[in-house]
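Put chain D on the given structure of chain C with help from the hints.
Those protein sequence lines, which keep their order, are chains C and D. Sequential numbering of the first sequence, starting at 80, is according to our numbering. Sequential numbering of the second sequence, starting at 80, is according to our numbering.
Each hint should be verified, as a subset may be incorrect.
Since the list gives no way to pick out one identical chain from another, each pair is judged satisfied if it fits inside one copy or across any two copies.
EDC-like, lysine to aspartate or glutamate: derived pairs with alpha carbons at most 20 Å apart [stated by the list, open to error]:
1. K369 <-> D157
2. K299 <-> D370
3. K261 <-> D103
4. K261 <-> E361
5. K129 <-> D175
6. K83 <-> E294
7. K261 <-> D370
8. K261 <-> E366
9. K299 <-> E136
10. K306 <-> E183
11. K164 <-> D370
12. K182 <-> E136
13. K369 <-> E337
14. K231 <-> E337
15. K182 <-> D157
16. K261 <-> E358
17. K231 <-> D103
18. K299 <-> D286
19. K164 <-> E366
20. K83 <-> D103
Hints listed in this document are in silico derivations from the structure and should not be mistaken for laboratory results.
2 protein chains.
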Amino acid sequence: MSEKIYVGVDVGGTTVKLGICNSDGTLLQTYEGPTEVSKGPDTILHNIAKYVKLIVEESSYEWSQVGGVGIGIAGFLDIPNGIMKNSPNLNLNNIDIKGFLEKELNTIIKVNNDANVAALGEAWAGAGRGIANCVMYTLGTGVGGGIIIDGKIVEGFQSVAGELGHMAIVPDLEAIQCGCGKMGCLETVSSATGIIRMAKEAVARGDRTSLVEVEDIMAKDVLDAAKAGDEVATRIVNRAAYYLGRSMSMMSVILNPEYYIIGGGVAKAGDFLFNQINEVFEKYTQEASKDGVKIVPAVLGNNAGVVGAAGLILRG
Amino acid sequence: MSEKIYVGVDVGGTTVKLGICNSDGTLLQTYEGPTEVSKGPDTILHNIAKYVKLIVEESSYEWSQVGGVGIGIAGFLDIPNGIMKNSPNLNLNNIDIKGFLEKELNTIIKVNNDANVAALGEAWAGAGRGIANCVMYTLGTGVGGGIIIDGKIVEGFQSVAGELGHMAIVPDLEAIQCGCGKMGCLETVSSATGIIRMAKEAVARGDRTSLVEVEDIMAKDVLDAAKAGDEVATRIVNRAAYYLGRSMSMMSVILNPEYYIIGGGVAKAGDFLFNQINEVFEKYTQEASKDGVKIVPAVLGNNAGVVGAAGLILRG
Numbered sequence: 080m081s082e083k084i085y086v087g088v089d090v091g092g093t094t095v096k097l098g099i100c101n102s103d104g105t106l107l108q109t110y111e112g113p114t115e116v117s118k119g120p121d122t123i124l125h126n127i128a129k130y131v132k133l134i135v136e137e138s139s140y141e142w143s144q145v146g147g148v149g150i151g152i153a154g155f156l157d158i159p160n161g162i163m164k165n166s167p168n169l170n171l172n173n174i175d176i177k178g179f180l181e182k183e184l185n186t187i188i189k190v191n192n193d194a195n196v197a198a199l200g201e202a203w204a205g206a207g208r209g210i211a212n213c214v215m216y217t218l219g220t221g222v223g224g225g226i227i228i229d230g231k232i233v234e235g236f237q238s239v240a241g242e243l244g245h246m247a248i249v250p251d252l253e254a255i256q257c258g259c260g261k262m263g264c265l266e267t268v269s270s271a272t273g274i275i276r277m278a279k280e281a282v283a284r285g286d287r288t289s290l291v292e293v294e295d296i297m298a299k300d301v302l303d304a305a306k307a308g309d310e311v312a313t314r315i316v317n318r319a320a321y322y323l324g325r326s327m328s329m330m331s332v333i334l335n336p337e338y339y340i341i342g343g344g345v346a347k348a349g350d351f352l353f354n355q356i357n358e359v360f361e362k363y364t365q366e367a368s369k370d371g372v373k374i375v376p377a378v379l380g381n382n383a384g385v386v387g388a389a390g391l392i393l394r395g
Numbered sequence: 080m081s082e083k084i085y086v087g088v089d090v091g092g093t094t095v096k097l098g099i100c101n102s103d104g105t106l107l108q109t110y111e112g113p114t115e116v117s118k119g120p121d122t123i124l125h126n127i128a129k130y131v132k133l134i135v136e137e138s139s140y141e142w143s144q145v146g147g148v149g150i151g152i153a154g155f156l157d158i159p160n161g162i163m164k165n166s167p168n169l170n171l172n173n174i175d176i177k178g179f180l181e182k183e184l185n186t187i188i189k190v191n192n193d194a195n196v197a198a199l200g201e202a203w204a205g206a207g208r209g210i211a212n213c214v215m216y217t218l219g220t221g222v223g224g225g226i227i228i229d230g231k232i233v234e235g236f237q238s239v240a241g242e243l244g245h246m247a248i249v250p251d252l253e254a255i256q257c258g259c260g261k262m263g264c265l266e267t268v269s270s271a272t273g274i275i276r277m278a279k280e281a282v283a284r285g286d287r288t289s290l291v292e293v294e295d296i297m298a299k300d301v302l303d304a305a306k307a308g309d310e311v312a313t314r315i316v317n318r319a320a321y322y323l324g325r326s327m328s329m330m331s332v333i334l335n336p337e338y339y340i341i342g343g344g345v346a347k348a349g350d351f352l353f354n355q356i357n358e359v360f361e362k363y364t365q366e367a368s369k370d371g372v373k374i375v376p377a378v379l380g381n382n383a384g385v386v387g388a389a390g391l392i393l394r395g
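This is chain C alone, in the form it adopts within the complex (with noise of 0.2 Å):
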């Protein structure tokens, strides 16, 4: 029999990215073609399935070694049967993505949602290949996340695990009101926006900072200054780095995972904020808990979505 190959699809709002794995994880060709969001769902199903034909067509793979083809996309999910419930940026409500492609391409479908897909495309062949139990966090624009526990992603009850960055971590008296309409979420302070915001509110107070010089404040410049020695923003990192530390010990006690892998652009500032995280973690977790666990950066960056969404197949 010849070697099995699995198809990982990431569908953004522009565009569709797709990657054959083989059964390591490696990720063996890449594709990639418009979402075409604007000409309704009926479409971006029909390219999906495309992409997926063309991908295999062009590859030195034959079609009868495809083990399946994992879907990676956000929005609410019935993760089970691969209904999409509501995906605002795609404008998809109440799809059968599973039974639709299921038809199409005559294989095994799995679709899980963005963020747990590249959690487990890290798990499986990224920062922790070989680690069962870890836990991501993407720093992005929010705080995204998603659970590995015995090489599975957990998808809970109502296929809504793994929302970390809404954790509700900041204490009352010095918590704001989250996107989610809660207080206190991660989100609210671990994120791009939460440090920008905390940027932007400092130079408004007129706090002195090197940030009064930036015209439109990033995360990046926030990370930057605050490597540089800036006070104010040295403080900001030291803020959405402290509740993160905070949220790994009380994951640690709850699941008691290997690794935490930490990715998405805040996640550049490296060795900074990796090691105030660690110093955090450290402090507020009992030794048990913290014995042998690691804080790693993820190592897949973009590819993580196409990787995990192929290892929904073996692993999902």
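Chain D alone, transformed into the frame defined by chain C:
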């Protein structure tokens, strides 16, 4: 083929409790005998084996019907290998419980810690019967816990998942040191010990409370005083409930379980406590993560241990 039965063993410091369950988790028969900790590890292990043989002999079942024996025991375990690394209560260090009992009883043996086993008991055949994803809190001297996902106990990579009492949830400004050495753990405020401590501090401070009349304050006294309208006691119970609710709020975005099952002496306060926990949980949890979630009391009481231990064979 005749019906399979499963033997559950709950090894305590004084007594070894045993039960026979069918594959539904129905408790068919019980037995108990002395642990005899003072006679050392060999005696403890031989006692367990002896009691297992006895309960089956005394029942209407044949030894050939035994599908396995599960052991619930307090201490730091290597769960997959069934080795007790360190149990201060039972004075067991590096004892291969699983290996010994496999030889002695010639059946499948699974070992897990008492808190996880109680959670499995409730999830399998108690308050969570039929629910695949639940989290149990045991509010006793400490705050114990266990996490059940897809019907199975989450063990963690070092066998220490589910230590919910050590979630560092109290903010620095009002945190005190926990027995584990860390600051702000949930059990410093939400265990019986925490409630008693806060009550004694209030009395020592001279707060106006009916608790000054109580000679040796127990958690029940504080809960009763709160129910009777004592303001100081109410504040203490509110605080215990607040951090429980807030910890569940975080758990829900992390794992999205369907049920929280609350057991232990403090849970006997009933609706009075549960309503407060629910209110906090509602306040801090985003809609998608709390949709359909229930906070329910444990129902098995002291039987959770033997039932859950038996459950290890089918669900461990």
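Status of each hint after checking the structure:
In this assembly of identical chains, the alpha carbons of K369 and D157 lie at most 20 Å apart only when taken from different copies (16 Å versus 34 Å within one copy). In the homo-oligomer, the alpha carbons of K299 and D370 never lie at most 20 Å apart, since the shortest distance is 32 Å inside one protomer and 36 Å across protomers. In the homo-oligomer, the alpha carbons of K261 and D103 never lie at most 20 Å apart, since the shortest distance is 41 Å inside one protomer and 40 Å across protomers. For the homomeric pair K261 and E361, the shortest alpha-carbon distance between copies (10 Å) is at most 20 Å, but the shortest distance inside one copy (28 Å) is not.
Taking CA atoms no more than 20 Å apart as the test, K129 paired with D175 passes inside one copy only; the shortest distance there is 17 Å, against 57 Å between copies. With identical chains, the CA atoms of K83 and E294 are never at most 20 Å apart, being 52 Å at best within one copy and 73 Å at best between copies. Proximity of K261 to D370 under the C-alpha cut-off of 20 Å is restricted to the inter-copy arrangement: shortest distance 15 Å between copies versus 33 Å within a copy. Proximity of K261 and E366 under a CA criterion of 20 Å is satisfied inter-copy only: 9 Å between copies versus 32 Å inside one chain copy.
Taking the closest pair of Cα atoms, K299 and E136 never come within 20 Å of each other, the shortest separation being 41 Å inside a single copy and 71 Å across copies. Taking identical chains as interchangeable, the C-alpha atoms of K306 and E183 are never at most 20 Å apart, the minima being 52 Å within one chain and 62 Å between chains. Within a single copy, K164 and D370 get their C-alpha atoms only as close as 40 Å, which misses the 20 Å cut-off; across copies the closest is 14 Å, which meets it. For a Cα distance limit of 20 Å, the shortest separation of K182 from E136 inside one copy, 19 Å, qualifies, whereas the shortest one across copies, 57 Å, does not.
Proximity of K369 to E337 under the C-alpha cut-off of 20 Å is restricted to the intra-copy arrangement: shortest distance 8 Å within a copy versus 27 Å between copies. Proximity of K231 to E337 under the C-alpha cut-off of 20 Å is found in both arrangements, the shortest distances being 14 Å within a copy and 19 Å between copies. Proximity of K182 to D157 under the C-alpha cut-off of 20 Å is restricted to the intra-copy arrangement: shortest distance 19 Å within a copy versus 46 Å between copies. For the homomeric pair K261 and E358, the shortest alpha-carbon distance between copies (14 Å) is at most 20 Å, but the shortest distance inside one copy (28 Å) is not.
For a Cα distance limit of 20 Å, the shortest separation of K231 from D103 inside one copy, 15 Å, qualifies, whereas the shortest one across copies, 27 Å, does not. When the C-alpha separation of K299 and D286 is checked against a cutoff of 20 Å, the pair qualifies only within one copy, where the shortest distance is 19 Å, while the shortest distance between copies is 51 Å. Proximity of K164 to E366 under the C-alpha cut-off of 20 Å is restricted to the inter-copy arrangement: shortest distance 15 Å between copies versus 42 Å within a copy. Taking the shortest alpha-carbon separations for K83 and D103, only the intra-copy value of 10 Å comes in at or below 20 Å, while the best inter-copy value is 39 Å.
When each numbered hint is compared with the structure, violations occur for hints 2, 3, 6, 9, 10.
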